[in-house]
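Chemist: For the protein sequence lines, the chains are A and B, in the order given.
Quick note: the first sequence, position 126, residue 126 per this note's numbering, numbers continuous.
Quick note: the second sequence, position 34, residue 177 per this note's numbering, numbers continuous.
Hints may be right or wrong, so weigh each one.
Said to hold, decoys possible - Restricting the straight-line Cα-Cα distance to at most 20 Å, the calculated cross-link-like pairs of lysine to any residue (SDA-like) are:
id: 1; chain 1: A; residue 1: 52; chain 2: A; residue 2: 19
id: 2; chain 1: B; residue 1: 195; chain 2: A; residue 2: 115
id: 3; chain 1: A; residue 1: 52; chain 2: B; residue 2: 260
id: 4; chain 1: B; residue 1: 195; chain 2: B; residue 2: 158
id: 5; chain 1: A; residue 1: 52; chain 2: A; residue 2: 105
id: 6; chain 1: B; residue 1: 195; chain 2: A; residue 2: 116
id: 7; chain 1: A; residue 1: 52; chain 2: A; residue 2: 99
id: 8; chain 1: B; residue 1: 195; chain 2: A; residue 2: 117
id: 9; chain 1: B; residue 1: 195; chain 2: B; residue 2: 157
id: 10; chain 1: A; residue 1: 52; chain 2: A; residue 2: 98
id: 11; chain 1: B; residue 1: 195; chain 2: B; residue 2: 244
id: 12; chain 1: A; residue 1: 52; chain 2: B; residue 2: 259
id: 13; chain 1: A; residue 1: 52; chain 2: A; residue 2: 113
id: 14; chain 1: A; residue 1: 52; chain 2: B; residue 2: 258
As the list claims (entries may be wrong) - Interface residues of chain B toward chain A, partial, derived using beta-carbon atoms under 8 Å:
id: 15; residue: 147
id: 16; residue: 153
id: 17; residue: 164
id: 18; residue: 167
id: 19; residue: 184
id: 20; residue: 186
id: 21; residue: 215
id: 22; residue: 231
id: 23; residue: 257
id: 24; residue: 261
id: 25; residue: 277
What the hints assert, rightly or not - Beta-carbon label-pair distances, calculated as ranges:
id: 26; chain 1: B; residue 1: 239; chain 2: A; residue 2: 137; range: 32 to 38 Å
id: 27; chain 1: B; residue 1: 166; chain 2: A; residue 2: 30; range: 32 to 38 Å
id: 28; chain 1: A; residue 1: 126; chain 2: B; residue 2: 283; range: 35 to 41 Å
id: 29; chain 1: B; residue 1: 234; chain 2: A; residue 2: 101; range: 39 to 45 Å
id: 30; chain 1: B; residue 1: 159; chain 2: A; residue 2: 32; range: 39 to 45 Å
id: 31; chain 1: A; residue 1: 32; chain 2: B; residue 2: 269; range: 36 to 42 Å
id: 32; chain 1: B; residue 1: 195; chain 2: A; residue 2: 14; range: 28 to 34 Å
id: 33; chain 1: B; residue 1: 198; chain 2: A; residue 2: 30; range: 34 to 40 Å
Quick caveat, the hints were computed from the structure, so don't treat them as lab data.
Note that this is a predicted model, so its numbers are computed, not measured.
Glycine residues also receive a C-beta, built at the ideal position from the N, C-alpha and C atoms.
Below are the chains, spelled out letter by letter.
Protein chains: 2
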Amino acid sequence: MEQRVSLITLGVGDVARARAFYEQLGWQGQEVEETVFFRAGGCALVLWGRDKLADDCGLTGDDAGGFGGVALTHNVRSAADVDRIIVTAERAGATVSRAPAATFYGGYAGCFTDLDGHVWEIAHNPGFALAEDGSIIIPEFGG
Amino acid sequence: MEQRVSLITLGVGDVARARAFYEQLGWQGQEVEETVFFRAGGCALVLWGRDKLADDCGLTGDDAGGFGGVALTHNVRSAADVDRIIVTAERAGATVSRAPAATFYGGYAGCFTDLDGHVWEIAHNPGFALAEDGSIIIPEFGG
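With the rest of the complex left out, here is chain A:
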């Protein structure tokens, strides 16, 4: 597992309202499928509905202390890398909350929670290239 965070996803109650907040701070986002991407140097900050994010990670959105509303995504170059990292994480004590599987966007990903319940998604997304230095490349979606 390379030492990199690719996306910082914040689960929010209202995507448009959250986007407006960050744009008031000076950030410029672009939206695709009710998800807002902000370029952030070598990584990207993402706003997505809190319940959708929890569901996508194999969790419930209940505020019972399990899921804190944030997930960290680590993008890799192949589906095999996803499998390898999820296995390594489980061996290290992680709980796999979503077994690796094909995703709706044509990629492949799995999720685990670390020892403190922090949520990680390990993802291969052919639509998001990785630069030679590992930086994620968010395409122009328009909108």
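Start from chain A and add chain B according to the hints.
Modeler: Structure of chain B alone, referenced to chain A:
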């Protein structure tokens, strides 16, 4: 506010145990004052005691749904930048959980929660240079 995340801090129950977990995944960290820093491209992942992190952000560590155990730090080049961004955030609807003030490490920082309770720290830390491109430069601490 430039479009950048400098540190991704994960509040953990046991720093040594959490560090061991990430090192089992292949990450290499360095520790200073019971805080572990992992370089992560243009940003850094940080492990710190959950209660200390909450306290440092002007919050309690209670698992009542307010604080999810993650804080995002945005480093800037001056104390004046900290003040400016905290004011802008508050105007945009953020709740300032810790007014800007000098920090124990010789810097200056303030914290706010966004509309969904996500925690941001805006920090000027003379010990962590920012590259021309905004990437944070974590020095060698040894250990």
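Chemist: Now tell me if each hint is right for this structure.
Modeler: Each hint tested on the structure:
1. 52/A - 19/A: This hinted pair holds, its Cα atoms lying about 16 Å apart.
2. 195/B - 115/A: 18 Å, holds
3. 52/A - 260/B: Distance of about 18 Å is within 20 Å: holds.
4. 195/B - 158/B: Status holds; Cα separation ~11 Å.
5. 52/A - 105/A: 14 Å, holds
6. 195/B - 116/A: Holds, at roughly 15 Å.
7. 52/A - 99/A: 17 Å, holds
8. 195/B - 117/A: Distance of about 18 Å is within 20 Å: holds.
9. 195/B - 157/B: Roughly 12 Å separates the two Cα atoms, so the pair holds.
10. 52/A - 98/A: 14 Å, holds
11. 195/B - 244/B: 17 Å, holds
12. 52/A - 259/B: This hinted pair holds, its Cα atoms lying about 15 Å apart.
13. 52/A - 113/A: 17 Å, holds
14. 52/A - 258/B: Holds. Residue 52/A to residue 258/B sits at ~18 Å (cutoff 20 Å).
15. 147: For residue 147/B, the interface hint holds, since the closest Cβ of chain A sits about 5 Å away, which is under 8 Å.
16. 153: 5 Å, holds
17. 164: For residue 164/B, the interface hint holds, since the closest Cβ of chain A sits about 5 Å away, which is under 8 Å.
18. 167: Holds. Min distance 4 Å.
19. 184: 4 Å, holds
20. 186: Interface hint status for residue 186/B: holds (6 Å vs cutoff 8 Å).
21. 215: Given a least distance of 7 Å, the restraint on residue 215/B holds.
22. 231: 6 Å, holds
23. 257: 6 Å, holds
24. 261: It holds, given that the least Cβ distance between residue 261/B and chain A is near 5 Å, below 8 Å.
25. 277: Interface hint status for residue 277/B: holds (6 Å vs cutoff 8 Å).
26. 239/B - 137/A: 32 to 38 Å: Taking Cβ atoms as reference, residue 239/B and residue 137/A lie about 35 Å apart, which means the hint holds.
27. 166/B - 30/A: 32 to 38 Å: With Cβ atoms ~36 Å apart, the hint holds.
28. 126/A - 283/B: 35 to 41 Å: At roughly 37 Å between Cβ atoms, residue 283/B and residue 126/A fall inside 35 to 41 Å, so the hint holds.
29. 234/B - 101/A: 39 to 45 Å: Taking Cβ atoms as reference, residue 234/B and residue 101/A lie about 43 Å apart, which means the hint holds.
30. 159/B - 32/A: 39 to 45 Å: Between residue 159/B and residue 32/A, where Cβ atoms are some 41 Å apart, the hint holds.
31. 32/A - 269/B: 36 to 42 Å: 39 Å, holds
32. 195/B - 14/A: 28 to 34 Å: Holds, since residue 195/B and residue 14/A (Cβ atoms, about 31 Å apart) stay within the stated range.
33. 198/B - 30/A: 34 to 40 Å: Holds, at about 36 Å.
When each numbered hint is compared with the structure, no violation occurs for any of them.
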